[in-house]
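**Q** Letter by letter, the chains look like this.
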Amino acid sequence: MKKMIGAVAAAVVALGLGAAAYAQSGTQTVKIGVLSDMSSLYQDIGGPGSVAAAKLAVEDFNKTHPNIKVEIVSGDHQNKPDVGSSIATKWFDADGVDMIVDIPNSGVALAVSQVAANKNKVFLANGPASSDLTGAKCNPNTIHWAYDTWMLANGTGKAMVKTGGDTWFFLTADYAFGHALERDTAAVVEKNGGKVLGKVRHPLNTSDFSSFLLQAQSSKAKVIGLANAGGDTINSIKQAAEFGIVKGGQSLAGLLVFSSDVNALGLETAQGLVLTATWYWDMNDANREWTKRWHAAGGPNGKVPTMIHAGVYSSTLHYLKAVAALKQSKDGAAVVAEMKKMPTDDVLFGKGIVRQDGRKIHPAYLFEVKKPSESKKPGDFYKLRATIPAEEAFRPLKEGGCPLVKS
Amino acid sequence: MFEIFGIPSQALFGQLLIGLINGSFYALLSLGLAVIFGMLNIINFAHGAQYMMGAFAAYLLLQYTGIGYWGALIVAPIIVGITGVIIERTMLKQLYKLDHLYGLLLTFGLALVIEGVFRNYFGASGLPYQMPSSLAGGHNLGFMFLPNYRGWVVGASLAVCLATWFVIEKTRLGAYLRAATENPTLVRSFGINVPRMITLTYGFGVALAAFAGVMAAPIYNVSPQMGSDIIIVVFAVVVIGGMGSIMGAIITGFGLGVAEGLTKVFFPEASSTVIFVIMAIVLLIRPAGLFGRG
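Going line by line, the protein sequences match chains A and U.
At position 133 of the first sequence the residue is numbered 1515 (the numbering used here), and the sequence of numbers has no breaks.
At position 70 of the second sequence the residue is numbered 518 (the numbering used here), and the sequence of numbers has no breaks.
Read the hints as simulated data drawn from the structure, not as lab findings.
Since this is a predicted model, take the numbers as computed values, not measurements.
Glycine included, every Cβ here is placed at the ideal spot set by N, Cα and C.
Hints are not guaranteed to be accurate.
[What the hints assert, rightly or not] Label pairs and their calculated CB-CB ranges:
| no. | chain 1 | residue 1 | chain 2 | residue 2 | range |
| --- | --- | --- | --- | --- | --- |
| 1 | U | 552 | A | 1476 | 53 to 59 Å |
| 2 | U | 623 | A | 1460 | 27 to 33 Å |
| 3 | U | 600 | A | 1460 | 34 to 40 Å |
| 4 | U | 526 | A | 1771 | 53 to 59 Å |
| 5 | A | 1478 | U | 552 | 50 to 56 Å |
[Claimed, not checked] A few chain A residues that don't get close to chain U, going by computed Cβ distances all over 12 Å:
| no. | residue |
| --- | --- |
| 6 | 1465 |
| 7 | 1759 |
| 8 | 1765 |
| 9 | 1767 |
| 10 | 1787 |
[Unchecked claim] To give an idea of the interface, some chain U residues facing chain A are shown, with a C-beta separation under 10 Å as derived from the structure:
| no. | residue |
| --- | --- |
| 11 | 463 |
| 12 | 470 |
| 13 | 523 |
| 14 | 585 |
| 15 | 590 |
| 16 | 667 |
| 17 | 670 |
| 18 | 674 |
| 19 | 678 |
Construct the entire structure; sequences and hints are all you get.
**A** See the structure below:
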């Protein structure tokens, strides 16, 4: 027994020395944590697909920087802010993680953003929607990449009002994200000359919307805005079709719809739905090529990548470039500052910038869901209706109220 | 047109009807739970997962065998019922002599495993399932637009609920069953195969859950967590109705659907909590539930 303990101890010492020697050999090591919903309603929009996207970013980065070693770890925040913060704290303090990416839940993201700032690490928000991350709650360690509530509201809201949908009724998920989305959309509707006739706030994870839909129907509003996400959006659209809402002349505006939601609805039910996104897998050859690689890297079979997955890839790549330029990854604020200084450039989002408030700027697209007869292959969901140029897609810098913005 | 509490009567009638329709899902599910608890003394926490399996079975049948909605209404409950029989034979059987808690823990664990397996294979966001074309469309009742499908849901679940109640309370088979729960040894001495009867009862309860799952597939999102969203409410329904009371489960199911529907008009934010508030009040006044004995 004593012998065995001795052997184990020797092995531990040897391993420890080995690691120390490795660290001194001039190779830089960067550790990335993909924190996502791995086991519940948002796992398809982020989840294992985000891990695959991060792997691709590392793969592409190592082609030009083979001496920087990048490790990826992943964790499940279970959509609970306390769980998310404690994983983030452990990663930063004990496991040597330098950057956290993804987090498809605004509540968890706002909490982790604080942790990243306190520990001077980096948080690249791709999953969460709340525009507060680059507004009142912005900080020098957080960048918000793929999309946000302001951009969704501006894209879909404006387009609907411009095409005659000037009276609105909101079905809103009763928590921070839903309220933010409703607030941002109502502002856009009113700014463009429309009117909000009413709203109803439903609890998160409601399965039956018929009661709320009847209220929306009797409001006689031309547009029913769905300020909810995931299963709630799917159930509202499915049941709106059943209650003949669209046939009765009212339109539905899905304010946050992912390709995974369209997949769950089926084109028969989802057709004609207008939505805004910053990335779509079937938009050009580069995206299609990347989607193939994403599947090969572990993206779930039978699903197509979402704008969150694309954002995880794009933001991780840009982060690694900044780390390479600075030759360090330990001072988070410095890395983020470098990321804001360097222009962004990758195959998925093209050229862009990261603004002072931490907002990544790129174009947004207004899509319409195809009819079943127009869809040629699995995942062939959208046709492009309009492109919203980068400078109009996101909230103007001055309006967000971010303390980092010097006027 | 007159108004009630500031809500036009038309809207109110609509909401009452909608509440009744949602209540039929609660009734179907709580009925299965009540049957299983009443006859086996097992608190079947896997009921939500079995409801979800019913919806997925409908999807898979359509996808791989071309069996549509009507076929699935019969085939899916049989398939899921058979899995229930296997669970009863291999696992639940060992627990009858132990405390309720063991059955609860086992079925709860099973629910987590089943949900996890489905999530692993199908993802979390759900699968499409179209409404059968014969039930698409709807009628304008004057005070609301009633989709044909909802009308069918109310009718079918009422029929199934009443038939189940009739079989258990009014027939010879039901009498054997009830006697077997009271005193299995005595019933066995009359030459009745009690273990097989118990197994089939569990299979039937599970099949009821799967039947509700197939009914839900065209209107609710078919996803692995659809069962866990509804099962807690259904448990509240069973507790309010009185554990094990068949009629109690049916009446409370419909009644609470209506209560929830009205809350969605007057105070929508509370619509997911109202059932638990009612549960707390009922438990304070009648700890055995509205229809419970003892």
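**Q** In ascending order, which of the hints set out earlier in this document are inconsistent with the structure?
**A** The structure breaks hints 1, 2, 5, 13, 15; every other hint is satisfied.
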